[in-house]
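Colleague: Sequence:
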Amino acid sequence: MAGNHIPMTKAGADAIKREIKRLKAVERPRIVHEISVARDHGDLSENAEYHAAKERQSHIEGRIQMLEDRLARAEIIDVSRLSGERVVFGATVKLEDVDSGQQVQYTIVGETEGDLKKGRISITSPIARGLIGREVGDTVKIHTPGGEREYQVLEVLFVEYTVDEEE
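So the sequence shown is numbered by my numbering: it starts at 1 and just counts up by one.
If you're looking for bench data, these hints aren't it; they were derived computationally from the structure.
Idealized CB from N, CA, C, for every residue including glycine.
Treat the hints loosely; a few may be bogus.
When the alpha-carbon atoms are kept at most 35 angstroms apart in a straight line, the in silico DSBU-like pairs for lysine-lysine are as follows [to be verified]: (1) 10 / 94; (2) 117 / 21; (3) 141 / 118; (4) 24 / 117; (5) 141 / 94; (6) 21 / 10; (7) 118 / 21; (8) 54 / 21; (9) 94 / 117; (10) 118 / 17; (11) 94 / 17; (12) 24 / 118; (13) 10 / 118; (14) 10 / 141; (15) 54 / 17.
The calculated label-pair distances, taken between Cβ atoms and stated as ranges, are [as the list claims (entries may be wrong)]: (16) 118 / 42: 46 to 52 angstroms; (17) 26 / 118: 20 to 26 angstroms; (18) 48 / 152: 58 to 64 angstroms; (19) 62 / 42: 27 to 33 angstroms.
Starting from the given sequences, assemble the full structure and let the hints guide the process.
Modeller: This is the structure we're talking about:
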């Protein structure tokens, strides 16, 4: 897997950087302190607090390593430099469900950036895969877990989204 580029928006990369910073500046020191306190309780072979803290430390270090690797392999796509009427990675797509007339909007983002509640869908999702390469006016049938849906592409926009600090 090393060496494979991961398409990612700037906002997605920024979110990873923030999480790495939080893990290193807040979580790592907190765990080191917990280990120190647990170590002071004596015999480590039967010290559940110590072993639990060491396990959390291992989890945090693994998470930091995974996030740093993901960031190192990121191919950051500058959405503001994209244009046109064709759906590509980073595009925000306005769709109309042909059957219900309901309009929806999705932004196609990196594999780890998806958040359906916020209208962001992973490039690997069935909807995104069905939309890539389509143009305004196209009608597309998309196989979703809920069954086949037919959408018409109404608009393709290129707007960089931002990630809230809490995400």
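Colleague: Against this structure, judge whether each hint is valid.
Modeller: Each hint, compared with the structure:
1. 10 / 94: Roughly 21 angstroms separates the two Cα atoms, so the pair holds.
2. 117 / 21: 26 angstroms, holds
3. 141 / 118: 23 angstroms, holds
4. 24 / 117: Judged against 35 angstroms, a Cα distance of about 29 angstroms means the pair holds.
5. 141 / 94: Distance of about 15 angstroms is within 35 angstroms: holds.
6. 21 / 10: 16 angstroms, holds
7. 118 / 21: Given that 35 angstroms is the threshold and the Cα spacing comes to 24 angstroms, the pair holds.
8. 54 / 21: 20 angstroms, holds
9. 94 / 117: 15 angstroms, holds
10. 118 / 17: Holds, because 20 angstroms separates the two Cα atoms, which is no more than 35 angstroms.
11. 94 / 17: 30 angstroms, holds
12. 24 / 118: It holds: about 28 angstroms lies between the C-alpha atoms, which stays within 35 angstroms.
13. 10 / 118: Given that 35 angstroms is the threshold and the Cα spacing comes to 17 angstroms, the pair holds.
14. 10 / 141: Holds, at about 30 angstroms.
15. 54 / 17: 24 angstroms, holds
16. 118 / 42: 46 to 52 angstroms: With Cβ atoms ~48 angstroms apart, the hint holds.
17. 26 / 118: 20 to 26 angstroms: 25 angstroms, holds
18. 48 / 152: 58 to 64 angstroms: 59 angstroms, holds
19. 62 / 42: 27 to 33 angstroms: At roughly 28 angstroms between Cβ atoms, residue 42 and residue 62 fall inside 27 to 33 angstroms, so the hint holds.
Consistency with the previously given hints is maintained throughout, with no hint failing.
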